[in-house]
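2 protein chains.
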Amino acid sequence: MAEAVAGCVRHGLPAIGLWRQNVAEQGLDETVRLVKDAGLRVSSLCRGGFLTAPDFEADNRRAIDEAAALEAACLVMVVGGLPGVVPGEPLGEISRDLPAARERVAEALALLAPYAAERGVRLALEPLHPVYCADRAVLSTLGQALDLAAPYAPETVGVVIDTFHVWWDPQVFEQIGRAGREGRIASYQVCDFLSPLPDVLLGRGMMGDGVIDFGPLTGAVAAAGYAGDVEVEIFNADVWAADPDEVVATMKNRFERLVVTRV
Amino acid sequence: MAEAVAGCVRHGLPAIGLWRQNVAEQGLDETVRLVKDAGLRVSSLCRGGFLTAPDFEADNRRAIDEAAALEAACLVMVVGGLPGVVPGEPLGEISRDLPAARERVAEALALLAPYAAERGVRLALEPLHPVYCADRAVLSTLGQALDLAAPYAPETVGVVIDTFHVWWDPQVFEQIGRAGREGRIASYQVCDFLSPLPDVLLGRGMMGDGVIDFGPLTGAVAAAGYAGDVEVEIFNADVWAADPDEVVATMKNRFERLVVTRV
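Here the protein sequences line up with chains F and W, keeping their order. Reminder that position 260 of the first sequence reads as 260 in full-length UniProt numbering, one-by-one numbering, no gaps. Reminder that position 176 of the second sequence reads as 176 in full-length UniProt numbering, one-by-one numbering, no gaps.
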């Protein structure tokens, strides 16, 4: 955590997206102090969710508390897959009833949203690429995320637009426009989709190394009124193993060249 | 080919889906004779498509001719990915313009549909799971396939509903209903989606080994009026390596137990 925060400062990055396990390792209070002293915004806390598991509630309330303490712009919600499916594990007793799992997510959200509102935390529903439907998120499209968010105030429940997850969607531009009109864009995240996909979880790449055309997506998000931080989130073992200063330098270069749109 | 045809006869399967490379290996005339003598229907010929490649036309006309000779119920169209992306190969010069690639597919279809109509062949547009959007099919949802088919007579352009590709889609039941109303269901294919996905291309499984709930999907396809053959298509190295008689026995058992719905 200290290294990541110092890296942001050294490279002039104004905001950082945090993951809960790193916050826990550093300690919540110490993390709050670190990011405050560094003058960084917390663009998001990742992640709440896994709402299809029986014991979702206590942990999600803790995640909301942490997001409040960190003054995170939102708490990213990865809603969970089919009940009983554990990511990376062989299938045991599972439910294959996908519509019911989606209903469970809606019910769990109804339990958590009032608490998030009370704590001033914005829950950001993240549709994940359909390849994760079974094990990580039964929420598969931006349209579906917006339908799920509809009953709540936009400042309490928003959506994440992550290029890796939504780039393929024939309705993506229409739904980004809708997300803007409904005031729901809580986060815009970028990374590339590698091809061939070397790994289902870690097959994400630095912008420019894959197949995504970032300009039109960034343009649509900007035209939809989103003016918050853009997060670069890359699940990739090579990126993680590389020298952090080189990774940030490459990231800034690619970001300027491929992601930013000027209107 | 001879082994597959004999296996269908031995196990009382009334129809077979053929792949073009196997037809080519056996010879088209000899394949026609084999399936006719065996009394088998050809439920589909797989595949035409890759319409985003510059040289798509001649090969697709040949595929249409072959489907006509085989009296196949349809020619499955895997429409192709982003121009320049070759499945399994590192990225070279590619186009990242996904909307343009989709437009190219529509234009190619406009060139091929009249020829298919003339030869009495039904083109069956297959939406592929979004994980294949870059390298195999920019056609990612059933709704999108139906939009693409809309300008043509249903007997000339239909759609394939493959459980592996569509099970995750929040709109799948609505779009199956629409496909029925529009008379477009050309093929219903089943196989399971394994979790964790062991391989992006070959991670398909025998029904019951993965996460798909077949009953509601089969029920929706039947309620939509589809009364054609149901194809079991499993891309899986273990299945391919196993004893064919055991595979067919397992397939029949799983099919009866998990796929068939009785109304």
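Read the hints as simulated data drawn from the structure, not as lab findings. Where a beta carbon is used, it is the ideal one built from N, C-alpha and C, also for glycine. One should not assume that every hint holds.
Stated by the list, open to error - Listed next, with one range per pair, are the computed distances between beta-carbon atoms: (1) F:Glu155 - W:Asp55: 49 to 55 Å; (2) W:Tyr115 - F:Trp240: 39 to 45 Å; (3) F:Arg178 - W:Tyr115: 26 to 32 Å; (4) W:Arg62 - F:Trp240: 44 to 50 Å; (5) F:Pro196 - W:Ala241: 41 to 47 Å; (6) W:Ala150 - F:Gly183: 30 to 36 Å; (7) F:Gly88 - W:Glu3: 49 to 55 Å.
Structure-based check of each hint:
F:Glu155 and W:Asp55 have their C-beta atoms about 53 Å apart, which keeps the hinted 49 to 55 Å range intact. Taken as a hint, the range 39 to 45 Å is violated for the pair W:Tyr115 and F:Trp240, whose Cβ atoms sit roughly 51 Å apart. About 39 Å separates the C-beta atoms of F:Arg178 and W:Tyr115, a value inconsistent with the hinted range of 26 to 32 Å. Between W:Arg62 and F:Trp240 the CB atoms are about 47 Å apart, so this pair conforms to the stated range of 44 to 50 Å.
At about 22 Å, the beta-carbon gap between F:Pro196 and W:Ala241 misses the expected band of 41 to 47 Å. A hinted range of 30 to 36 Å holds for the C-beta pair W:Ala150 and F:Gly183, which are about 33 Å apart. Checked against the hint of 49 to 55 Å, the C-beta distance between F:Gly88 and W:Glu3 comes to roughly 38 Å, which is inconsistent with it.
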